[in-house]
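Engineer: Listed below are the residues making up each chain.
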Amino acid sequence: MSKDDPFIIAGTTMASRLFVGSARYPNQQVMLDAMAASNPCMVTMSIRRISLEGYAESLVDLLGDRYPILPNTAGCVTARDAVLTAELAREALNTNWIKLELIGDRELLYPDVEQLVHAADELVRKGFVVLPYCNDDPVSCRKLADVGCSAVMPLGSLIGSGRGVANPGAIELICARSPVPVVLDAGIGTASDAALAIELGCDAVMVDTAIAKSHDPVRMAGAMRAAVEAGRLARLAGRIPKRNMAEPSSPQLGLVGT
Amino acid sequence: MTRLTINGIDEEIAATTVAQLLAARGIDPTVRFLAVAINGAVVRRAIWDETALHPGDTVEIVRPLQGG
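Those sequence lines, one after another, are chains Z and E. Residues 27 to 284 (my numbering) make up the first sequence, in order. Residues 641 to 708 (my numbering) make up the second sequence, in order.
It cannot be assumed that every hint is accurate.
Simulated pairs of lysine to any residue, SDA-like, Cα-Cα distance not exceeding 25 angstroms [said to hold, decoys possible]:
{"hint": "1", "chain 1": "Z", "residue 1": "K152", "chain 2": "E", "residue 2": "G680"}
{"hint": "2", "chain 1": "Z", "residue 1": "K152", "chain 2": "E", "residue 2": "V682"}
{"hint": "3", "chain 1": "Z", "residue 1": "K152", "chain 2": "E", "residue 2": "A663"}
{"hint": "4", "chain 1": "Z", "residue 1": "K152", "chain 2": "E", "residue 2": "A677"}
{"hint": "5", "chain 1": "Z", "residue 1": "K152", "chain 2": "E", "residue 2": "P695"}
{"hint": "6", "chain 1": "Z", "residue 1": "K152", "chain 2": "E", "residue 2": "N679"}
{"hint": "7", "chain 1": "Z", "residue 1": "K152", "chain 2": "E", "residue 2": "M641"}
{"hint": "8", "chain 1": "Z", "residue 1": "K239", "chain 2": "Z", "residue 2": "L134"}
{"hint": "9", "chain 1": "Z", "residue 1": "K152", "chain 2": "E", "residue 2": "I667"}
{"hint": "10", "chain 1": "Z", "residue 1": "K152", "chain 2": "E", "residue 2": "T656"}
{"hint": "11", "chain 1": "Z", "residue 1": "K152", "chain 2": "E", "residue 2": "D650"}
{"hint": "12", "chain 1": "Z", "residue 1": "K152", "chain 2": "E", "residue 2": "I687"}
{"hint": "13", "chain 1": "Z", "residue 1": "K152", "chain 2": "E", "residue 2": "A686"}
{"hint": "14", "chain 1": "Z", "residue 1": "K152", "chain 2": "E", "residue 2": "I678"}
{"hint": "15", "chain 1": "Z", "residue 1": "K152", "chain 2": "E", "residue 2": "W688"}
{"hint": "16", "chain 1": "Z", "residue 1": "K152", "chain 2": "E", "residue 2": "I649"}
Hints in this document: simulated from the structure, not taken from any laboratory.
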């Protein structure tokens with residue numbers, strides 16, 4: 027990433043503008059190859075109970091030394107469980123960063139904003155760098171920034187849906203008004219979705235399913251990397267305004283004939 | 641025997657400390673990325689040897705897994 031265009035969260039300069047997940051890959055080697063191709067700034071992992079039949083080698087042994095790990099609280103439905111999960115993650119991974127997820131509907135996996143703000147507030151007070159998965163509305167994002175979240179992660183569309191940025195206008199508003207970095211989380215289906223999110227003003231995107239469940243995850247990982255870079259270049263360059271009518275590109279004088 | 645709820649399952653186990661519980665489960669306490677909580681509070685690795693388990697305690701033993 028360009029030195030004159032750094033992406034910084036909580037004082038840390040990130041290695042790229044792409045967060046990737048570690049779930050749903052066809053196998054471990056494809057996941058590792060895809061991660062290498064995507065150049066992620068962080069890799070997300072969940073925190074789960076170990077099998078009581080004994081300890082088995084875990085993915086984290088592979089990933090923990092290669093990438094900064096961003097643990098999540100995926101699946102938590104109460105602030106209390108999310109806070110404990112974050113504290114366990116801090117102990118297990120020796121990081122105070124947490125991707126805070128509080129689910130209000132198990133089918134939609136939509137955030138529960140009330141619980142989310144409550145848990146974010148508590149975790150910030152406990153010294154965590156909190157990155158909340160949140161609704162794509164500027165007020166929720168503002169409240170989360172106000173309690174001290176280090177970034178906000180509004181959903182583009184439902185987790186795993188691949189429906190892209192469902193409400194570009196809202197994402198654009200969030201980006202324009204947010205005092206903290208905006209990372210588009212959830213819903214990205216293909217590379218153009220990632221590029222659009224960045225063009226709208228998002229500082230970064232988070233992708234899991236769109237890479238892992240694509241036909242060729244390693245190639246899609248490369249596409250996401252390129253899309254994020256292209257989107258950022260376009261954002262910095264500044265897109266032309268949209269018009270309703272045509273505007274000729276070629277000179278109107280000196281036309282042949284007539 | 642101590643009656644505990646371990647990762648959501650009630651059972652009796654011959655362990656009186658966190659370290660003994662892990663050993664009884666065949667979990668190497670020196671492996672990285674492991675975390676333990678008792679009754680909703682994390683028990684730091686440094687005090688697993690000396691942290692006592694009491695009947696009725698709820699124990700969580702976790703590791704990072706794949707996630708998005």
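Engineer: Evaluate each hint against the coordinates.
Structural biologist: Checked hints:
| no. | hint | verdict |
| --- | --- | --- |
| 1 | Z/K152 with E/G680 | 15 angstroms, holds |
| 2 | Z/K152 with E/V682 | 13 angstroms, holds |
| 3 | Z/K152 with E/A663 | 31 angstroms, violated |
| 4 | Z/K152 with E/A677 | 17 angstroms, holds |
| 5 | Z/K152 with E/P695 | 29 angstroms, violated |
| 6 | Z/K152 with E/N679 | 18 angstroms, holds |
| 7 | Z/K152 with E/M641 | 36 angstroms, violated |
| 8 | Z/K239 with Z/L134 | 19 angstroms, holds |
| 9 | Z/K152 with E/I667 | 29 angstroms, violated |
| 10 | Z/K152 with E/T656 | 30 angstroms, violated |
| 11 | Z/K152 with E/D650 | 31 angstroms, violated |
| 12 | Z/K152 with E/I687 | 21 angstroms, holds |
| 13 | Z/K152 with E/A686 | 20 angstroms, holds |
| 14 | Z/K152 with E/I678 | 19 angstroms, holds |
| 15 | Z/K152 with E/W688 | 22 angstroms, holds |
| 16 | Z/K152 with E/I649 | 29 angstroms, violated |
Hints 3, 5, 7, 9, 10, 11 and 16, counting from the list given before, are not met by this structure.
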